Structure formats: C-alpha cells, structure tokens
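**Student:** The primary structure of each chain is shown beneath.
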Amino acid sequence: MAVVEVEDLRRVYRSRTSTFKRGLKEVEALRGVSFSIEQGELFGLLGPNGAGKTTTIKILTTLLLPTSGRARVLGLDPATQHRELRSRIGYVFGGDRGLYDRLSGLDNLKFFADVYRVPIREKSHRIEELLDTVGLRGRERERVETYSRGMRQRLHIARGLLHDPELLFFDEPTIGLDPVGARELRQTVAGLREAGKTILLTTHYMFEADELCGRVAVIAGGRIVAQGKPSELKAAVSEGTVVEIETYGVDESRLDRLRALDGVKSVSTETRDQAQVVIVQATAGASLVQPVLAALDGVTIGKVVSREPTLEDAYVELVREA
Amino acid sequence: MIRVFVTGVRLQLLQLMRSGFDISAMLVWPIILASIAFYLLDAKESPRLLFAAALGTAVMMMWAQVIVGAGGSLDNQRIFGTLELLVAAPVPLVATIGPIMIGAGAFGVYGLVVTLLWGRLLFGIPITIDNWAAFAVALPSCVIAIGLLGLIAASTFVLYRSAFALGIAMQYPVWIVCGLLFPLSLLPSWVGPISWVLAPTWGFRAIREAALGGSAWSSIGMCWVVSIAYLAISLVCLTYFERLARARASFRLA
Chain A
1 MAVVEVEDLR RVYRSRTSTF KRGLKEVEAL RGVSFSIEQG ELFGLLGPNG AGKTTTIKIL
61 TTLLLPTSGR ARVLGLDPAT QHRELRSRIG YVFGGDRGLY DRLSGLDNLK FFADVYRVPI
121 REKSHRIEEL LDTVGLRGRE RERVETYSRG MRQRLHIARG LLHDPELLFF DEPTIGLDPV
181 GARELRQTVA GLREAGKTIL LTTHYMFEAD ELCGRVAVIA GGRIVAQGKP SELKAAVSEG
241 TVVEIETYGV DESRLDRLRA LDGVKSVSTE TRDQAQVVIV QATAGASLVQ PVLAALDGVT
301 IGKVVSREPT LEDAYVELVR EA
Chain B
1 MIRVFVTGVR LQLLQLMRSG FDISAMLVWP IILASIAFYL LDAKESPRLL FAAALGTAVM
61 MMWAQVIVGA GGSLDNQRIF GTLELLVAAP VPLVATIGPI MIGAGAFGVY GLVVTLLWGR
121 LLFGIPITID NWAAFAVALP SCVIAIGLLG LIAASTFVLY RSAFALGIAM QYPVWIVCGL
181 LFPLSLLPSW VGPISWVLAP TWGFRAIREA ALGGSAWSSI GMCWVVSIAY LAISLVCLTY
241 FERLARARAS FRLA
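Keeping their order, the protein sequence lines are chains A and B.
Going left to right, the first sequence walks through residues 1 to 322 as this note's numbering numbers them.
Going left to right, the second sequence walks through residues 1 to 254 as this note's numbering numbers them.
Hints may be right or wrong, so weigh each one.
What the hints assert, rightly or not - Cross-link-like lysine to aspartate or glutamate pairs, in silico, DMTMM-like; alpha carbons within 25 Å at most:
#1 A:197 x A:166
#2 A:197 x A:122
#3 A:234 x A:122
#4 A:265 x A:252
#5 A:110 x B:22
#6 A:110 x B:75
#7 A:229 x A:184
#8 A:25 x B:22
#9 A:229 x A:26
What the hints assert, rightly or not - Beta-carbon label-pair distances, calculated as ranges:
#10 B:236 x A:132: 41 to 47 Å
#11 B:217 x A:138: 51 to 57 Å
#12 A:25 x B:127: 44 to 50 Å
#13 B:3 x A:97: 23 to 29 Å
#14 B:117 x A:96: 51 to 57 Å
#15 A:142 x B:233: 37 to 43 Å
#16 B:232 x A:10: 54 to 60 Å
#17 B:182 x A:15: 27 to 33 Å
#18 A:276 x B:239: 50 to 56 Å
#19 A:195 x B:92: 26 to 32 Å
#20 A:196 x B:92: 27 to 33 Å
#21 A:146 x B:27: 24 to 30 Å
#22 B:233 x A:25: 32 to 38 Å
#23 A:32 x B:239: 26 to 32 Å
Bear in mind the hints are in silico, worked out from the structure with no lab data behind them.
Note that the coordinates shown come from a computational prediction; the quantities given were computed from them, not determined experimentally.
Glycine residues also receive a C-beta, built at the ideal position from the N, C-alpha and C atoms.
With the hints as constraints, model all of the structure from the sequences given.
**Tutor:** Given below as structure tokens:
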C-alpha cells in the first residue's frame, strides 16, 4: 500500500524583483514530480542543492502549498487535511536550526511533546525512552547552546519521534556532521527502518542513500530524472569504467580535449585536499588511460585510478544529463 | 490546548530570563521611562500622581515587551527554524504563538516591580494599594489583554518578514493614545474612540483604579471584553495568514 503518492507536483516561487518596482520573479522549483513510497520503505530523494528536495518535503509535511499537482500522504491531502495529517508525521531537518538554544534538551522535548499532543501519562516515559535511543541520557538538563552539532541532530531526531509518527521525513539529517556523528545517525535511521517506520530521506551523499535506502529517486532542476533500487541506477552506468586522475591545475580547454576523445561519456572534476581530481567515465570496452594522460600532457599528474562505476557516478551522470 | 499554552508561557519566560539583553533592558528601561514620566508630569508634590505615572510606566513596559520583545522572539523563531515546526504541529497556531505573547506580557510584570522599586528608591514614590483583590485580578487581566493585542500583530509577523519593523513603530503611538505617558484629556477628542479599543487603556485604568481607588472592576470587565474580541480576531487572522504563508513560503527566511 502506498503511504505517499505524488503526481505531477509543481511549485512556483514568486518574489518581487525590487521593493519599489512592480516586477515579479518566478522560480519553478518543482516541474511535475511524481513518485510513490510503500509502507515500511526507506525512500531516498537525491539531488544537488536547489534541485527541489526540500520543496517536495515541505509540501508533503503541510508547510507549503503546491502550485498544481496531487499529493496524498497516509491517504490525506497535505494541502487541505493538514490538521489531521500533522499528528501522524514527523519532520526532522539537518543543521543547527529548529531548537530553542537557551533551553535544555529536556525542556525542548517537554515543550514539543505538548505541542505534538503526547498524552500526559506517556510524556515522561516517552522522553526517557527517546533520550536512551538517541544517546543523550545524562546531558538532557544542559542548555542546547552547549551541545555539539551531533548532539543537536540527535535531539532533532528525538523531537521528531516524540509522537511516534507513522511516517518520518528526514531532510539532509547528516549535513555538517563529522564522520562519526554521521555514522551514528545513519545507524539510528537504519534502526527506525527496521522498526517498521516508513521514511523519506533527502540527501546529496550517495553512499548514504546506497547504504540506507531500498529505493531512490534522483531529482534535478525540479524533475525526477531516474528512480529505482540503488543497484538498478548503478547498473545503468555499470557498463564501462571510470578513470580518476589526480591533477594540480587543469584548465577548461584540456577538459574539453578529454570530452572529445572517443569512448568518453562524461568528464567532471572535484577538489580533494590540495588536488583537483578529473573523473572520466568511459563506455564499455574503451581503454582510455593512455589517451587521457596524453590529452593532459603538461599538467602535473598524481595518482591514476581505474575502477567500477558507483552510485555517485550514476548520480553525477543523471544530474549532468538533466 | 491549555497544557500547550501553560508550557509555552513557562518556556517563553524561561527564555526571556536567560537573555542578558532582556534582563538588562528590564533594569534600565524603567529608570528612563519613570524619569520621563516624573519630569514630564512635573508632579513632585503629588504622590498619587507619581504613583499613577509609575504604574503607567509599568504598562508601557508590558506593551514594549509584547510588541518588541515577543515580535523579536517570533522573528528569531523564523530565523532559527522553530517557527516552521510550530506551524507543522497538530495544535492550532494560536496555541503556540499565543504563549509567546502572553509570556512577554507576564515578563512585563517583572518590569512593573522594577519600576515601582526604582520609583520608590529614586523619586520616593509611595507604594500603596487601595484594593488588593481588584489589583490581583487587574494585573493578569492587563497582561492577557495586552498579550492578545500583540497576538493580532503577531499574525502578520507570520506572513510578513518585515512586519516586525512595523511592530516596533507601533510602540510609541500606543503609549500616547492609551494615556500611558500623559492623561487622555490632553489629546484631541477623536483620540478617545481609538483608545477605547486598545487593551493598554483598560489595563492601565484597571491597575490604576485598583491601586489608587476608583471603579476598577468595570475597567477589568472592559479588559476581558477587548481580550475576547482580540482572541476572535487573532483566530481568524492566524488561520488566514497561515494559509497565505503556506502559499507564499514565508515561514523561513530565504
């Protein structure tokens, strides 16, 4: 049974171009998004910044109205049945926002327990249980402003779970966390999935989606460009190889020269420490290491690695094509 | 709803009491405002008038705390991302924003105590309460009425990011129109009807009449009449502005 159904969802943001002039600027954040999430599924929505992930989540959590299209969450319309829906869903977002810093973690949870209508008899027990679940036991009476980012994020999760929602929305929950904090948080999310919760997770970390999600949808420019199991998306680019070349200062003309080579599907760059890594995706059967190195003649080269494509490569290719 | 309201007021007070800025403002402002009232009235020889001026100063503090303090608090909630969580909650918005306003008004009671203490210490104002029972009812009635007037303004803060600036601008006109700085009889007659629909007018009258003698209960009754009207207006405004804010995406700063 589908818990979330989204059909041709569109959202346009309108803002004034100037305080004194009449002009309106329109940004089309969603351009006909469609997907569905089944009961007990952990569904990932992947996309770069500005792709439309948060807009989608805000429409589904009743915070935004769509410009057009249809959405059903737990059988309810988030645009018109928001009062009924809000008590059945939980919303957790990443970053430092969304907590009362001058209050203790415990006071934050007590307040939100009342706001989310947790019965008074269950309130204390529920808070105690969640403090254990997210590992904040012993620190709950300290002010939130003294918490580390990881602790704040765990408090966010506890807040989102207070009313035991059937469906959880996680909007980039590991953003800004250190590797250990992010791993702990992923374990918590995996635990919730095992407990039978239905979860919609947005992220731009591919390994996170690969590790956690049963199905993913890639969103770019307000459109879903691919969806399926992570293995299916990887399979779409699994034919072929990826060559990574560590360079120190490569210009756009040399990248164009690489793109023009026979057998090259795509070329991208990313910065790792001091180096600029050129990532070349090749079609099946193409042997590209020598021609690529020849095209980069004159550039200082470090390590060269040839490997199988990953979900991240699939994602980069999908986003680039969009 | 009542539980959410009580917890909300408690937490708002806790937050204000942990803010160095709000606490220091509460200590300094009463001196400035009491001094203005003292010299403006030129009433060194009339202890009752001085006491009335001190009470007026305290009500000014309450209104300032609601319109500036709570308005700022709401603006901060937007910046810190808690406003959208309040909106996404299953309880109506009035149950989560109302306590911010009432809590700020209640924090103004602290201003009243400080004002009266400063008035006693600096200007020798005698503190005598004529009718303690009426005073005990007048004070919370005044806090609630002023808080609910702030709630109407708050409904616009939810929608318009710049509404807080307009709220600050509303601080001084309300002080003058409600007779907190000087008697209404000094103002043109057309100001009278405006003052009748504003909570600080009745709140101040109720507190002043309870402290200095007069028909405090009728003013307390008027406090409740305007409070009920404000609550009804706020409910309509919050529902309408919440819908507009969801359409315009104005819960969070871009």
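**Student:** Can you confirm whether the C-alpha distance between residue 110 of chain A and residue 22 of chain B stays at or below 25 Å?
**Tutor:** Given pair residue 110 of chain A, residue 22 of chain B holds - Cα atoms ~24 Å apart, limit 25 Å.
**Student:** Are the Cα positions of residue 197 of chain A and residue 166 of chain A separated by 25 Å at most?
**Tutor:** holds (6 Å)
**Student:** Could you say whether the range 26 to 32 Å given as a hint is met by the Cβ separation of residue 32 of chain A and residue 239 of chain B?
**Tutor:** holds (30 Å)
**Student:** CB of residue 276 of chain A to CB of residue 239 of chain B, is that within 50 to 56 Å?
**Tutor:** At roughly 54 Å between Cβ atoms, residue 239 of chain B and residue 276 of chain A fall inside 50 to 56 Å, so the hint holds.
**Student:** Between residue 146 of chain A and residue 27 of chain B, does the C-beta distance stay in 24 to 30 Å?
**Tutor:** holds (26 Å)
**Student:** Is 54 to 60 Å a correct range for the gap between the Cβ atoms of residue 232 of chain B and residue 10 of chain A?
**Tutor:** For residue 232 of chain B and residue 10 of chain A the Cβ distance comes to about 36 Å; the hint is violated.
**Student:** With 26 to 32 Å as the target window, see if residue 195 of chain A and residue 92 of chain B comply at their CB atoms.
**Tutor:** holds (31 Å)
**Student:** Does the Cβ-Cβ separation between residue 142 of chain A and residue 233 of chain B fall within 37 to 43 Å?
**Tutor:** With a Cβ separation near 41 Å, residue 142 of chain A and residue 233 of chain B satisfy 37 to 43 Å, so the hint holds.
**Student:** Lying within 32 to 38 Å: is that true of the beta-carbon distance residue 233 of chain B to residue 25 of chain A?
**Tutor:** Roughly 34 Å apart at Cβ, these two residues keep to the hinted range, so it holds.
**Student:** Check the hint pairing residue 110 of chain A with residue 75 of chain B against an upper bound of 25 Å on the C-alpha distance.
**Tutor:** holds (22 Å)
**Student:** Indicate whether the distance between the beta carbons of residue 236 of chain B and residue 132 of chain A respects the range 41 to 47 Å.
**Tutor:** Holds, since residue 236 of chain B and residue 132 of chain A (Cβ atoms, about 44 Å apart) stay within the stated range.
**Student:** Please verify whether residue 229 of chain A and residue 26 of chain A have alpha carbons no more than 25 Å apart.
**Tutor:** violated (34 Å)
Hint compliance for this structure: hints 3, 8, 9, 12, 14, 16, 17 are not met, and every other hint is.
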